[in-house]
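Chemist: Those protein sequence lines, which keep their order, are chains U and R. Taking the working numbering, the leading residue of the first sequence gets 0, the next gets one more, and so forth. Taking the working numbering, the leading residue of the second sequence gets 0, the next gets one more, and so forth.
Calculated from the structure, these hints are not laboratory results. Quick caveat: nothing in here was measured; it's all calculated off a predicted structure. Treat the hints loosely; a few may be bogus.
25 Å max Cα-Cα, derived SDA-like pairs, lysine to any residue [unchecked claim]:
| no. | chain 1 | residue 1 | chain 2 | residue 2 |
| --- | --- | --- | --- | --- |
| 1 | U | Lys115 | R | Lys6 |
| 2 | R | Lys6 | U | Ala167 |
| 3 | R | Lys6 | U | Ile170 |
| 4 | R | Lys115 | U | Gln259 |
| 5 | R | Lys6 | R | Gly102 |
| 6 | U | Lys115 | R | Tyr99 |
| 7 | R | Lys6 | U | Gly123 |
| 8 | U | Lys115 | R | Ala104 |
| 9 | U | Lys115 | R | Gln162 |
| 10 | R | Lys6 | U | Val57 |
| 11 | U | Lys6 | R | Ile170 |
| 12 | R | Lys6 | U | Ala143 |
| 13 | U | Lys115 | R | Glu169 |
| 14 | R | Lys115 | U | Lys115 |
| 15 | U | Lys149 | R | Ala197 |
| 16 | R | Lys6 | U | Gly137 |
| 17 | U | Lys6 | R | Ala101 |
| 18 | U | Lys6 | R | Glu169 |
| 19 | R | Lys115 | U | Ala143 |
| 20 | R | Lys115 | U | Asp126 |
| 21 | R | Lys115 | U | His34 |
| 22 | R | Lys115 | U | Ala104 |
| 23 | R | Lys6 | U | Lys149 |
| 24 | U | Lys115 | R | Gly102 |
| 25 | U | Lys115 | R | Ile170 |
| 26 | R | Lys115 | U | Ile170 |
There are 2 protein chains.
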Amino acid sequence: MTAVAGKIREVRSAVLEARRRGERVGLVPTLGALHHGHVSLLRAARAENGFVVVSLFVNPTQFGPGEDYESYPRPMEKDLTICRQEGVALVFAPPTEEMYPAGFATTVHVAGLTEKMCGASRPGHFDGVCTVVAKLFGIVRPDAAYFGEKDAQQLAVVRQMVQDLNLAVEIRACPLVRDADGLATSSRNQYLSARERASALVLGRALAQTRERIEAGERDAASVADGVRRLAGDEPGVALEYVAVVDPDTLADLERVERQVLVAVAAKVGSTRLIDNLLVRNLGD
Amino acid sequence: MTAVAGKIREVRSAVLEARRRGERVGLVPTLGALHHGHVSLLRAARAENGFVVVSLFVNPTQFGPGEDYESYPRPMEKDLTICRQEGVALVFAPPTEEMYPAGFATTVHVAGLTEKMCGASRPGHFDGVCTVVAKLFGIVRPDAAYFGEKDAQQLAVVRQMVQDLNLAVEIRACPLVRDADGLATSSRNQYLSARERASALVLGRALAQTRERIEAGERDAASVADGVRRLAGDEPGVALEYVAVVDPDTLADLERVERQVLVAVAAKVGSTRLIDNLLVRNLGD
């Protein structure tokens, strides 16, 4: 039985009941338009928690002017079906005014980490993310929350916020999921035409090749980035926004690839902005 | 028995133990240098909670350049004695680096409410307050937290933050406390010379007179403010910074005094910045 709540007080009372039953509470915050990547988060949450809450909320404050807030997909019935199939206990799908009533005035800002990569082209985006995630943590008070490594910068930023504000929530990262053709799963993939999708596959191919080069011993970060740029930059219809070779926790630019590395890319394919990345941890010398 | 903790994990484990015993947890956040005003907060907390936590932390991020962070009094032994006398269960007195380790990057900002009154002359002050209060709420996870109405703007800002971030903490306001001579209690009063203190008493006198005028039927906010300015502005050695006649919850400027009003003043007396206020609720027509 999946319950659906639109009100904060409904969530609080359902979570309180679950706590009284001694259940561990897991939260999967999403914008809805659930895909295989989200399903992997739901399953990770189900494996560790008796009571899983999924939020479906297209958060306006993390969209910039001219971005796709209005057109972002909101397939509520399909999302609910997926949540039911995956054993989600509670879906929280609030109207905007429940989250941002008149007079709302508070922003949570993480400096540094938010300024580069996606933050450079999406000013305010991570403020919106941090603020809504802090709110969801306040509403649900979960033991653990589940985020995809696809949104690698978001994950690093949320972790920094949780550490800095001493929030008692364990942050769990789940691996990026790809469709059969290699495209990283994203709710925005449905914006792509067939031709655009074919072009977009270059991102996954470039990152797969990068993994091979790193596994074969490439350690020079500039050469790694150049390899991605050369391959993906040649693809017609793909406009690279950035290629970052950074530490996955601090997002600090690397000169040498050692121990762990995040190779992150953003590109416009037609009018659709896509991100993808390669994460390598526990790298030998 | 009052325990003293310097580490966040010590606080968490002590609070967890208290929760296991079924105790309600109250938090009194302070900068230390405890006075009668703080004691009234401790007593309010003790009356409602089995387990009272007091934080003693001179929070650097709420002091501006040129303010008194370095010279702010830190009478730790005296503070601990007061906490013991008042039945405080746990004193949290962290070193600065426990609260702000290297790499700390997060700020909680409340817009609007923080821009006027004390916020106008102390840019960043309320960001520092909100961030440290959010941290203390994250560390202690209290059922209720106790603040003085002396810091009326701080109280309004913290309430807004708690509401906006859906923090599950009840905010309790305790009345402003005055010394026998009428000066509002403040850790900064000890900076005053005897002559300065005598001058500073004009603030309490002006606010007492204002109360009488309002009780006698004065409803014009500009006239209320002028009355305070006339009396306190004439006092040698007292430099008024602002006189605000506002709604105590929204801090919106009032034209008419109705239902409830906060008359707040800030002044420099010598080199010491003092604040004082008059709060009237449930005012008849």
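Chemist: Does each hint fit the structure? Answer for all of them.
Modeler: Hint-by-hint comparison with the structure:
1. Lys115/U x Lys6/R: violated, 33 Å
2. Lys6/R x Ala167/U: holds, 15 Å
3. Lys6/R x Ile170/U: holds, 22 Å
4. Lys115/R x Gln259/U: violated, 47 Å
5. Lys6/R x Gly102/R: holds, 18 Å
6. Lys115/U x Tyr99/R: holds, 23 Å
7. Lys6/R x Gly123/U: Distance of about 33 Å is beyond 25 Å: violated.
8. Lys115/U x Ala104/R: holds, 14 Å
9. Lys115/U x Gln162/R: It is violated: about 31 Å lies between the C-alpha atoms, which goes past 25 Å.
10. Lys6/R x Val57/U: Given pair Lys6/R, Val57/U is violated - Cα atoms ~38 Å apart, limit 25 Å.
11. Lys6/U x Ile170/R: holds, 22 Å
12. Lys6/R x Ala143/U: holds, 23 Å
13. Lys115/U x Glu169/R: violated, 38 Å
14. Lys115/R x Lys115/U: violated, 32 Å
15. Lys149/U x Ala197/R: Violated - the C-alpha atoms of Ala197/R and Lys149/U are around 64 Å apart, more than 25 Å.
16. Lys6/R x Gly137/U: holds, 23 Å
17. Lys6/U x Ala101/R: violated, 38 Å
18. Lys6/U x Glu169/R: holds, 19 Å
19. Lys115/R x Ala143/U: violated, 39 Å
20. Lys115/R x Asp126/U: holds, 23 Å
21. Lys115/R x His34/U: violated, 46 Å
22. Lys115/R x Ala104/U: Status holds; Cα separation ~14 Å.
23. Lys6/R x Lys149/U: violated, 35 Å
24. Lys115/U x Gly102/R: holds, 16 Å
25. Lys115/U x Ile170/R: violated, 37 Å
26. Lys115/R x Ile170/U: violated, 37 Å
Taken one by one, the earlier hints fail for this structure at numbers 1, 4, 7, 9, 10, 13, 14, 15, 17, 19, 21, 23, 25, 26, listed in ascending order.
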